[in-house]
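The numbering of the sequence shown is the working numbering, which starts it at 284 and goes up by one.
It is possible that some hints are incorrect.
Derived DEER-like restraints, expressed as beta-carbon distance ranges [as the list claims (entries may be wrong)]:
#1 A688 with K490: 54 to 62 angstroms
#2 E763 with T703: 36 to 44 angstroms
#3 G768 with A537: 49 to 57 angstroms
#4 R458 with D741: 46 to 54 angstroms
#5 H821 with R500: 27 to 35 angstroms
#6 H829 with R800: 15 to 23 angstroms
#7 A504 with R471: 19 to 27 angstroms
#8 R458 with R800: 15 to 23 angstroms
#9 G772 with D568: 42 to 50 angstroms
#10 A440 with K564: 41 to 49 angstroms
#11 E589 with E763: 41 to 49 angstroms
#12 A632 with E589: 22 to 30 angstroms
#13 W807 with R500: 20 to 28 angstroms
Treat the hints as calculated values from the structure; they're not laboratory data.
Beta carbons are placed, not taken as given, at the ideal position from N, Cα and C, and that holds for glycine.
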Amino acid sequence: MPEKSSSSQPGTPAANQPGTQLNAQLSVLIVDPNAGIRANLQNMLNQAGVTRIESAVNAGTAIKALGRKSFDIVLCEYDLGSGTRGADGGGEGQDGQQLLEDLRHHRIIPPWSIFIMLTAEGTYGKVVSAAELTPTDYILKPFTVQVLHERIQKAVARRAALLPVYQLIAQAKPREAIEAAIESARTRPAHALDFARLRAELHASLKEHDLAETVYRDVLAAKPVGWARLGLARAVAAQGRTDEAIPLLEHIVADNPRLMAAYDLLARCQQERGDAAQAKKTLEDAVAISPYVVRRLRRLGEVALETGDTDGAEKSFRQVVTRSRYSEFRNPEDHVNLVRALVGKGDPAGASTVIRDLERSLRGTPAAEACKAISVALLHDAAGNGAAAVKELKLAVDAVRTGGALSPNMRVGLAQSCLTHRMDDEASEVMLGALNGGDDALSPQQALNVFVRAGRPDLADGIGKQLRAQAQILLGVADEKRNMGDVRGAVQTLLEALHMAPNNLQVMVAVVGGVLRQIMEMGWDHPLAALSEEQLEHIRAIDPDHPRLAALDAELAAAKRKYGIAAAGT
Numbered sequence: 284m285p286e287k288s289s290s291s292q293p294g295t296p297a298a299n300q301p302g303t304q305l306n307a308q309l310s311v312l313i314v315d316p317n318a319g320i321r322a323n324l325q326n327m328l329n330q331a332g333v334t335r336i337e338s339a340v341n342a343g344t345a346i347k348a349l350g351r352k353s354f355d356i357v358l359c360e361y362d363l364g365s366g367t368r369g370a371d372g373g374g375e376g377q378d379g380q381q382l383l384e385d386l387r388h389h390r391i392i393p394p395w396s397i398f399i400m401l402t403a404e405g406t407y408g409k410v411v412s413a414a415e416l417t418p419t420d421y422i423l424k425p426f427t428v429q430v431l432h433e434r435i436q437k438a439v440a441r442r443a444a445l446l447p448v449y450q451l452i453a454q455a456k457p458r459e460a461i462e463a464a465i466e467s468a469r470t471r472p473a474h475a476l477d478f479a480r481l482r483a484e485l486h487a488s489l490k491e492h493d494l495a496e497t498v499y500r501d502v503l504a505a506k507p508v509g510w511a512r513l514g515l516a517r518a519v520a521a522q523g524r525t526d527e528a529i530p531l532l533e534h535i536v537a538d539n540p541r542l543m544a545a546y547d548l549l550a551r552c553q554q555e556r557g558d559a560a561q562a563k564k565t566l567e568d569a570v571a572i573s574p575y576v577v578r579r580l581r582r583l584g585e586v587a588l589e590t591g592d593t594d595g596a597e598k599s600f601r602q603v604v605t606r607s608r609y610s611e612f613r614n615p616e617d618h619v620n621l622v623r624a625l626v627g628k629g630d631p632a633g634a635s636t637v638i639r640d641l642e643r644s645l646r647g648t649p650a651a652e653a654c655k656a657i658s659v660a661l662l663h664d665a666a667g668n669g670a671a672a673v674k675e676l677k678l679a680v681d682a683v684r685t686g687g688a689l690s691p692n693m694r695v696g697l698a699q700s701c702l703t704h705r706m707d708d709e710a711s712e713v714m715l716g717a718l719n720g721g722d723d724a725l726s727p728q729q730a731l732n733v734f735v736r737a738g739r740p741d742l743a744d745g746i747g748k749q750l751r752a753q754a755q756i757l758l759g760v761a762d763e764k765r766n767m768g769d770v771r772g773a774v775q776t777l778l779e780a781l782h783m784a785p786n787n788l789q790v791m792v793a794v795v796g797g798v799l800r801q802i803m804e805m806g807w808d809h810p811l812a813a814l815s816e817e818q819l820e821h822i823r824a825i826d827p828d829h830p831r832l833a834a835l836d837a838e839l840a841a842a843k844r845k846y847g848i849a850a851a852g853t
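With these hints in hand, go ahead and build the complete structure from the sequences.
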């Protein structure tokens, strides 16, 4: 098989420059179900000087190939279902747009990968969908060798210009990448907007949303580009200024109805403001324009369930289940939500069919077993068979206990069902697990509210006590790490304790002290510094006379002086 292209280190882009001879350094993955077209593309690439070529016949084999090694370029046919089943392994499955969605969402390809979509598709919604998911380029068929060569050279030239920043990102050096972007914008002014966009995205990845906002505003002051408008709205929303973000997004949608990501963010902001009905309307408008993005259809289904629109929920989740059937990243929770909608409509036969499909097509994993049990319990509850529902709920909890990863929302639904049947211990166990779900974990208050809304404040008190006890244990672990010289590890443990007990004065004081110690010893960290300031204000609001407050204020001021932060006014 051809080797992948050389690069400075694994996972970083090769430093190719434009030029026919240097094209031989490039590695290309062709994704097309038709053997004849694959051969034709390989011949065209050979004529353009590219020889390191591999092929995939559908989305699944492409994902496997990209999981094994990196490629400089992916040339992907849009209509991946056009082949016939047989030796090629093609046939009905994902299209190119869905493949790109999976690759980006699951970070199988890095930001610098060149993804070129090949399409003769004339359907308006599909073309819009492909454009919104930002392939590097897409080429309408038929095309010549010269057109393909020119598009590849253009993409490689742009990547070469951004290479210094990309390599630092690949090395997990975001601070250095930001500095490199600033310098490169001066030396390569033709790509100044590209570097500004990378800077803003890097600041956002570091949760420095205020700095990202400044970059976007600077760009917009020079040129009203759509991505900067959307980026500004995203940065404003990330800072909790939802009411300010909504009109920004409404104007973006009005000016550019095809910028689909703006609809998604607008719906999320509307829902955060408590207007689920308007969020549903926004997502419906987006799906009417671009009906093929699975994650948007899933979100629309969730909001439809929240607003009691079981017909809309069934329509959305049925499309999600159908369109993701051949995805490597199928989610059994989609079947649960489709069952929930069908049960709500009074269609137990339809719900049973969905459960059989779930069992047949997704069996074998704890998550799938948990989702099957939850679905069957919904069906039993609808039939008034409480004893059978309890049996299935116990199976679901067992599956979660043995490694069934469920989303926080699915865990909330499972806990609510357990509470309905007085399965108090199981409900508590499920909700405690929902607090440890990484970036999308529930907050302690959200978890406690599940019990309060169910009329069980006693269970909420019990969970609260367990969380405080866990936080105390974590404080001890953080002390041990600090004594061993692991300052960063101590801070991470303290942050876990803060998540468990966000209003505990002892924890807040420990967090601020640990963060400031790390900053003084290892350098300024904007997100951690902002967190320490936030926690200091929280401590001040709870106990303005706290004995540690003045000393912590002084330590923060000293850290700012050390790194020139106060002098810079930031």
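Self-check item: Indices of hints not satisfied (ascending)
Solution: 1
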